[in-house]
Amino acid sequence: MQNTRALMACALVAGLLLAPAFAADDETVAYPAAGTVDGATGLEAWSRIYEVASHPRCANCHTGESDVPMWSGPSYGDEPRQHGMRIRAGESRIGAEHLTCSTCHSYSEIPQTVPHAAPRVGASWQLAPAEAHWFGKSSEFICAQLRDLERNDGRDYLALADHIGHDVILHWAWSPGVGREPAPYSLAEHIMDIHLWGAAGQPCPQD
Amino acid sequence: MATTITVNQTERSLISSEETPLLWVLRDELKLTGTKYGCGVAQCGACTVMLDGQPVRSCQVAIGDIAGSDVTTIEAVSGVEADAVRQAWVEMDVVQCGFCQSGQVVQAIGLLELNPEPTDGDIDTYMGGNVCRCATYVRVRKAIHRAAEILAA
Ligand code: FES
Ligand code: FES
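Chains as they are written, first to last, in the working numbering: chain U, 9 to 215; chain F, 73 to 225.
No wet-lab data here; the hints were simulated from the structure. Keep in mind that this is a model prediction, so the values were computed, not measured. Be aware that one or more of the hints could be misleading.
Reference listing, derived: stretches of chain U covered by chain F, where coverage requires no fewer than 3 residues with Cβ under 8 Å from a Cβ of chain F [claimed, not checked]:
1. 90-99
2. 102-115
3. 121-129
Beta carbons are placed, not taken as given, at the ideal position from N, Cα and C, and that holds for glycine.
My request is simple: use the sequences and hints to build the entire structure.
Spelled out as C-alpha cells, the structure:
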C-alpha cells in the first residue's frame with residue numbers, strides 16, 4: 009500500500025525528466041530529476057520523511073549535544089527516558105570515552121531474535137552526530153537541519169538519499185528485530201520521498 | 073561449517089550453530105560455567121567476558137560473528153590488572169552471593185586496562201551495566217579504587 013502511495017506520487021511527475029538510480033536493494037528505480045516536482049508534492053514527501061525521522065527507531069539516537077541515547081516508543085511506556093545503565097556515547101559517539109556501545113550492541117548481520125535484547129546491525133552501533141538533533145524536535149527544525157549543508161555533513165539531497173541507501177545502521181530502523189516497532193513506510197519508500205522532497209527544492213513547512 | 077575460536081588460549085572448534093550466543097557455547101558446549109546467565113538481553117552484565125581484549129556481554133554475541141577471535145573468561149583472566157582486581161576483591165570482601173561477580177570482575181579489569189586511575193564517576197559509568205541484586209556496588213567501587221592503588225604501587 010505504501011508502495012502504491014510512493015508510486016502515485018511518482019506518477020505526478022511522470023512525463024518529466026526521470027533520472028535512473030539505484031535503491032538500497034539495487035533494484036533500478038526511476039527518481040524524479042531536480043526541479044520536476046511541485047512544492048505541494050515535495051511537502052507531502054517531507055511530512056512522511058518527518059514521520060520517519062521523529063520515529064523512536066531513528067530519533068532515539070539523534071540526541072544532539074546530549075551524548076545520552078533515549079529510550080522511547082511503544083515498548084517503553086508513555087514517558088521517554090534516558091538509556092539505562094548510565095550510558096554516554098561521548099564525543100566519539102560510540103562510547104569510547106566511557107563504555108563502548110559495542111559492549112552490548114554487537115556488530116552482526118545475524119538477526120536479533122530475542123525480544124528486549126540489545127539491537128544489533130552489521131555496523132558499529134553509535135549515536136548520530138550532534139548536529140543532527142532530531143529527538144523531541146519539530147518538523148520545521150529537522151527540515152531546516154536536513155537541508156543545511158553546514159549541519160548535514162555537506163550533503164545535498166542526492167547525497168542524503170545515497171547515504172540513507174547505503175549506511176546499513178540506518179536500515180536497522182526498518183528491521184529492528186523482534187518486539188520493536190519498525191520506522192514507518194519502507195526504506196525504498198523513504199529514499200523515494202527524499203528524492204521527491206529534493207526534486208521539489210527541499211521545501212519545509214515554515215517556508 | 074564449524075566455527076573456530078580461541079577460548080582461554082586454547083583453540084576450540086564449535087559444534088553450535090552460528091547464531092548461538094557465545095554465553096551458551098561457553099556454558100553448555102565448553103562447560104565453562106564461571107560466566108553466568110542473568111538475563112540474556114544485555115541488561116545485567118553477569119555474562120561479561122573479554123572478546124579480543126574488550127569486555128562484552130556474551131549473551132549478545134553470536135558465535136558466527138567471532139570466528140578466529142580470542143575469548144577470555146573469568147576462569148582465565150590474567151595480567152597485572154586482573155591480579156590487582158583479584159587482590160582488592162578479597163581485601164574488600166566484595167562478594168555477597170557471587171552471582172554477578174564474574175561479570176563485575178571482568179568489567180573492572182576492562183576499566184583498569186583503559187583507565188588505571190578511575191574516578192567515582194568513571195567507575196559508575198563504566199560499571200553501570202553490571203547489575204548486582206545483592207547491591208555490592210559500594211564495595212565494588214571501593215575495590216576498584218583499591219586495585220588502582222595496587223597498580224600504582
Ligand atoms: S546475561 Fe548477558 S547481560 Fe545479562
Ligand atoms: S553479589 Fe549477589 S548478585 Fe552481585
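The hints, checked one at a time:
1. 90-99: That given contact holds, which follows from 5 residues of the stretch 90-99 of chain U lying within Cβ reach (below 8 Å) of chain F.
2. 102-115: Per the Cβ count (9), the hint holds.
3. 121-129: holds (count 7)
The structure shown violates none of the earlier numbered hints.
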